[in-house]
Amino acid sequence: MSGLMVDGVTKAFGTKAAVDDVSLEVHDGEFAVLLGPSGCGKTTLLRLVAGFERVDRGRILLDGKDVTASRPGERDVAMVFQGYALYPHMTVFDNIAFGLRSIGLPKREIAERVERVATTVEIEGLLGRRPGTLSGGQRQRVALARAISREPKVFLMDEPLSNLDTQLRASMRMEIKHLQSELGVTVLYVTHDQVEAMTMGTKVAVLCDGRLAQVGPPEEVYDRSATEFVARFVGAPPINLLRGTLHREASSWRFEGSGVRIVLPARWAGPAGDEPRAVSLGVRAEDLYLGLEHPATFVPLGVCCAEAIEPMGHETVVHLSLGTSLLAARVRNTWRAAPGAQVPVAIDVEKTQLFEADTGWAVSVKDFQPSSA
Amino acid sequence: MQGLARRLKEGGRYALLIAVAACFGFPLYWAVVLSVARRSQVFTLPPHLLPAFDLHPFERMLSAQPWGLYFLNTVVITSVTIILVLVTGALAGYALALREFRGREVVFGLLLAALLVPAEATLIPDYVIAARLHLLNTLPGQILPFGANVFAIFLFRQFFKTLPPSLWEVSQLDRVGWWRYLWRVAVPMAKPAVVTVSLLTFATQWSAFQWPLIITQGPAVRPVEVGLSFFQGFDGTHWREVAGAAIFTMLPIIVVFIFAQRYFIEAVAGQTGEK
Chain A
1 MSGLMVDGVT
11 KAFGTKAAVD
21 DVSLEVHDGE
31 FAVLLGPSGC
41 GKTTLLRLVA
51 GFERVDRGRI
61 LLDGKDVTAS
71 RPGERDVAMV
81 FQGYALYPHM
91 TVFDNIAFGL
101 RSIGLPKREI
111 AERVERVATT
121 VEIEGLLGRR
131 PGTLSGGQRQ
141 RVALARAISR
151 EPKVFLMDEP
161 LSNLDTQLRA
171 SMRMEIKHLQ
181 SELGVTVLYV
191 THDQVEAMTM
201 GTKVAVLCDG
211 RLAQVGPPEE
221 VYDRSATEFV
231 ARFVGAPPIN
241 LLRGTLHREA
251 SSWRFEGSGV
261 RIVLPARWAG
271 PAGDEPRAVS
281 LGVRAEDLYL
291 GLEHPATFVP
301 LGVCCAEAIE
311 PMGHETVVHL
321 SLGTSLLAAR
331 VRNTWRAAPG
341 AQVPVAIDVE
351 KTQLFEADTG
361 WAVSVKDFQP
371 SSA
Chain B
1 MQGLARRLKE
11 GGRYALLIAV
21 AACFGFPLYW
31 AVVLSVARRS
41 QVFTLPPHLL
51 PAFDLHPFER
61 MLSAQPWGLY
71 FLNTVVITSV
81 TIILVLVTGA
91 LAGYALALRE
101 FRGREVVFGL
111 LLAALLVPAE
121 ATLIPDYVIA
131 ARLHLLNTLP
141 GQILPFGANV
151 FAIFLFRQFF
161 KTLPPSLWEV
171 SQLDRVGWWR
181 YLWRVAVPMA
191 KPAVVTVSLL
201 TFATQWSAFQ
211 WPLIITQGPA
221 VRPVEVGLSF
231 FQGFDGTHWR
241 EVAGAAIFTM
251 LPIIVVFIFA
261 QRYFIEAVAG
271 QTGEK
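As you go down the protein sequences, you meet chains A and B in turn. Reading the first sequence from the start, the letters are residues 1 to 373 in our numbering. Reading the second sequence from the start, the letters are residues 1 to 275 in our numbering.
Hints in this document: simulated from the structure, not taken from any laboratory. Accuracy of the hints is not assured; some may be wrong.
Unchecked claim - Each pair of labels, with its calculated beta carbon distance range:
id: 1; chain 1: A; residue 1: ARG130; chain 2: B; residue 2: LEU17; range: 49 to 57 Å
id: 2; chain 1: B; residue 1: LEU163; chain 2: A; residue 2: THR10; range: 46 to 54 Å
id: 3; chain 1: B; residue 1: LYS9; chain 2: A; residue 2: MET312; range: 54 to 62 Å
id: 4; chain 1: B; residue 1: THR88; chain 2: A; residue 2: ARG101; range: 21 to 29 Å
id: 5; chain 1: B; residue 1: GLY233; chain 2: A; residue 2: ARG130; range: 38 to 46 Å
What the hints assert, rightly or not - Covered stretches of chain B (in silico footprint by chain A; criterion: 3 or more residues with CB under 8 Å from a CB of chain A, positions within the stretch not fixed):
id: 6; region: 168 to 179
id: 7; region: 183 to 189
Backbone N, C-alpha and C define an ideal beta-carbon position, used for all residues, glycine too.
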């Protein structure tokens, strides 16, 4: 297999496992994002792949070759660091050329390569400058150019955009993504920013306490989260969760709790024991409808009180209370109501997600099929 | 009123600074006066504070010793020592700051403890060692004992510890070995340490006296400071010649100080913010 394979890797610092039995495949040309809150082990995993840390258990394979015991320089990976890690006393040209010289490329080829990568990331005019005289975005480009110049098997990126301001971050996001698909390179990208993960990744791996919670395409992670933690971590405002229980009805299931009763769609029909199960019902802010004329797939949830209204410009987020639960709904920016107003709320049941109350795992559709009963 | 108070305070501060500067400057001035004084003026009271411009003692001083040779010796001793101190300081500082090995902190502690031993206490053992190594009356004998020093190691270690670890990590991925990393990345980035160590080594080696006096016997390997001492003999001290020679041997230090004043101050007082 070409690309990167992490196979059952564990790494502990002291008694605490920073990375706990993680397996992950990143295929050739894939843009994989390691997503998680700080301290979840994503940077440690990246450093294990780079070879800066030794794994305690498991294997790391690059293009099918076991590199678990190899030193960083023998792995043929390049890394872009959060702080860029440029050599401050060298010119941009030398920053890029420094590594190329040490792998013994002839001078002529080094100059050609530096020119080429500088053109790719549009820093041709900066080759004679020192990093200290460059803006954050320019330094970022130099760091990218340096990583590209080596033509490595895998690019590792450790929160490369977190030092940039919001606007620059948005444009660099698109640019890195564009660069990656144009060069067809394999990327493993670490971030705690779910927007970066959603917009850049072709594959998103969510880490929680050193363990992989879910791996999949961004839409899947968003729409069919594997755990309550994943559902809460991706998406802003965070997913709405209603505590309650599942009850058997004639041919389907009914969610009851937090002051609501909803009959779940038919795809969740089927016998799976008769006793009520404690669950959380998750619904995203955009899957709530405020008003009486809700679309056909929606069912009424109840009348809520609009506690706060946050206009975001392109849309408006309305914070609602329903009994003791708080809900956030995303509506068009033309929506108007005064705080304290009573608002009828409907919910798109097709888009809801269910999580077991005790484990946090998603209650999957197959739980309701006869085979698992 | 506030302006007046501030101006008085400012004026007081300058008066104090001028007084201190005069205290330190006067011996220098007095040496100049002495070096061109007439014989009768050396011991008079009250002293003659204005130079008499008698150039005879100066000429006698210049012809009494092979100063050209002494200068050459001193330049060789000083410059080779600086290079050695930089190389050993950077290597040891790097090992103590960035390489992991068993007993690293113990080694560092022992090095620091060596600072507590006064040079006088090791004078005789040093002499014996130099004699056994056949280094008496040689230039290497004046260089090698000073070719490594704890202060330089300490300073390099402190600088290397402040380097971002990601620089070494990037270098590792680029297959840059530690040797190349040390000389091409770490040392250039520790430029303030390089300057500080060079200047302090220059100042101490240029004015080294005791050790060269003990281990040199002839003019062939003698440095300037020792040459200077030969005007103090059994027949008394030739004060005018001593003063002239002192000015003469101090000159390089004064010139270097003028040009590198900022670094000297940083070396002694620590970093002053701006890099």
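inquiry  = Tell me if the beta carbons of GLY233/B and ARG130/A are separated by a distance inside 38 to 46 Å.
reply    = violated (58 Å)
request  = Between the region 183 to 189 of chain B and chain A, see if three or more residues pass the 8 Å beta-carbon test, and mark the coverage as holds or violated.
outcome  = Holds, because 4 residues of the region 183 to 189 of chain B bring their Cβ atoms closer than 8 Å to Cβ atoms of chain A.
message = Given a hint of 54 to 62 Å, does the C-beta separation of LYS9/B and MET312/A actually sit inside it?
response = holds (57 Å)
Consistency of beta-carbon spacing, THR10/A to LEU163/B, with hint 46 to 54 Å = violated (30 Å)
ask   = Given a hinted range of 21 to 29 Å, is it respected by the beta-carbon distance of THR88/B and ARG101/A?
value = holds (27 Å)
inquiry  = If you count the residues of the region 168 to 179 of chain B with a beta-carbon closer than 8 Å to a beta-carbon of chain A, do you get 3 or more?
reply    = holds (count 9)
key: ARG130/A versus LEU17/B beta-carbon gap, inside 49 to 57 Å or not   = 38 Å Cβ-Cβ, so the 49 to 57 Å window is violated.
The structure fails to meet hints 1, 2, 5 from the earlier list, while all remaining hints are met.
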